[in-house]
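Residue numbers (the numbering used here), protein chains in the order written: chain S, 503 to 607; chain Z, 251 to 412.
Any given hint could be a false lead.
[To be verified] Each pair of labels, with its calculated beta carbon distance range:
id: 1; chain 1: Z; residue 1: E317; chain 2: S; residue 2: L597; range: 24 to 32 Å
id: 2; chain 1: Z; residue 1: K331; chain 2: S; residue 2: L599; range: 49 to 57 Å
id: 3; chain 1: Z; residue 1: T345; chain 2: S; residue 2: K548; range: 24 to 32 Å
id: 4; chain 1: S; residue 1: K568; chain 2: Z; residue 2: Q270; range: 26 to 34 Å
id: 5; chain 1: Z; residue 1: D327; chain 2: S; residue 2: Y588; range: 16 to 24 Å
id: 6; chain 1: Z; residue 1: F312; chain 2: S; residue 2: D514; range: 36 to 44 Å
id: 7; chain 1: Z; residue 1: E407; chain 2: S; residue 2: K548; range: 31 to 39 Å
The hints are simulated quantities; they were obtained by calculation from the structure and are not laboratory data. Just so you know, these numbers come straight off a predicted model, no measurement behind them. Where is the CB? At the ideal position from N, CA and C, for every residue including glycine.
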Amino acid sequence: MDDDNIFKALADPTRRLLLDLLFQRDGRTLKELQAGVAMTRFGVMKHLKVLEDAGLVVTRRSGREKLHFLNAVPIRTIHDRWINKYREREVSALLALKTKLERKD
Amino acid sequence: MTDKGATIQIYRIVIKATAQAIWGAITNPEWTERYAYGGRALYDLKVDGRFSYKASAEMKSFGLPDEIIVGKVIESDPPRKLVQTWHPLFDAGTTAEAHTRLTYEITENQGGVCTVTITHDVAGAPKVAGMVAGGGDPVKGGGGWPWVLSDLKSLLETGTRM
Chain S
503 MDDDNIFKAL ADPTRRLLLD LLFQRDGRTL KELQAGVAMT RFGVMKHLKV LEDAGLVVTR
563 RSGREKLHFL NAVPIRTIHD RWINKYRERE VSALLALKTK LERKD
Chain Z
251 MTDKGATIQI YRIVIKATAQ AIWGAITNPE WTERYAYGGR ALYDLKVDGR FSYKASAEMK
311 SFGLPDEIIV GKVIESDPPR KLVQTWHPLF DAGTTAEAHT RLTYEITENQ GGVCTVTITH
371 DVAGAPKVAG MVAGGGDPVK GGGGWPWVLS DLKSLLETGT RM
């Protein structure tokens, strides 16, 4: 579950789509997820494996079925580590720009 | 189509700490007041034992009741597994909903790290389901389990909060 794996997993549009599908309705089987993306069963399995290795998807057995669950925690830790920190700076830069532009009027 | 998984939410994080330390951080009020919303978790760790999460002074100043979450212990296997009911009394909406079922699992991996998995069955409690999923502003109580676990990791690994 290190940052590299998470960013790599999120870098692919099909994998982001799979996460969005689980966000809409969690706990889906491979078959259900395959129906939502235009891809072979093997292709979807490969993407799910990358997501699972990154900790973004957790699987559980339910009888004979394997259910896939979205794990939003790594996204939260990425947010806390990488996004929160820079957002403040961005906001203050925009405020400085605004002040500068308005002064010219 | 199966809907078996539809009421279950799963949250997982890896923390560099012993299982015992993580267990303590979940069940000991001296620890629970140091992260997330900073309330005091009180557990009677036996089957049918009572659980309550007591509001901090700050939470009470926002008009929250003294006990903001109540429940009952279903299974206690320290420091590996804790199963309990979990019923938040944040407002009339969550109070009216069904009691949810919460499972903590702590597994030790190589290299002194543990995997902590929260499985929250929120059947019959859509308002609670929306809250614990997070996505809101933690300051307004919208952080959910992702924020709570992220903060717990930060506290146990660095000794300070995020």
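Right, here's what the structure says about each hint:
1. With their beta carbons about 42 Å apart, Z:E317 and S:L597 fall outside the hinted range of 24 to 32 Å.
2. Taking 49 to 57 Å as the suggested C-beta distance range, the pair Z:K331 and S:L599 conforms, at roughly 53 Å.
3. For the pair Z:T345 and S:K548, the beta carbons lie near 45 Å from each other, so the given range of 24 to 32 Å is not met.
4. Our hint of 26 to 34 Å for S:K568 and Z:Q270 holds, since their Cβ atoms are close to 32 Å apart.
5. Between Z:D327 and S:Y588 the Cβ separation comes to about 42 Å, which falls outside the hinted range of 16 to 24 Å.
6. The beta-carbon spacing between Z:F312 and S:D514, approximately 42 Å, falls within the hinted interval of 36 to 44 Å.
7. For the hinted restraint 31 to 39 Å between Z:E407 and S:K548, the CB-CB distance of approximately 32 Å keeps it satisfied.
Violated hints, listed in ascending order, are 1, 3, 5; each of the other numbered hints is respected by the structure.
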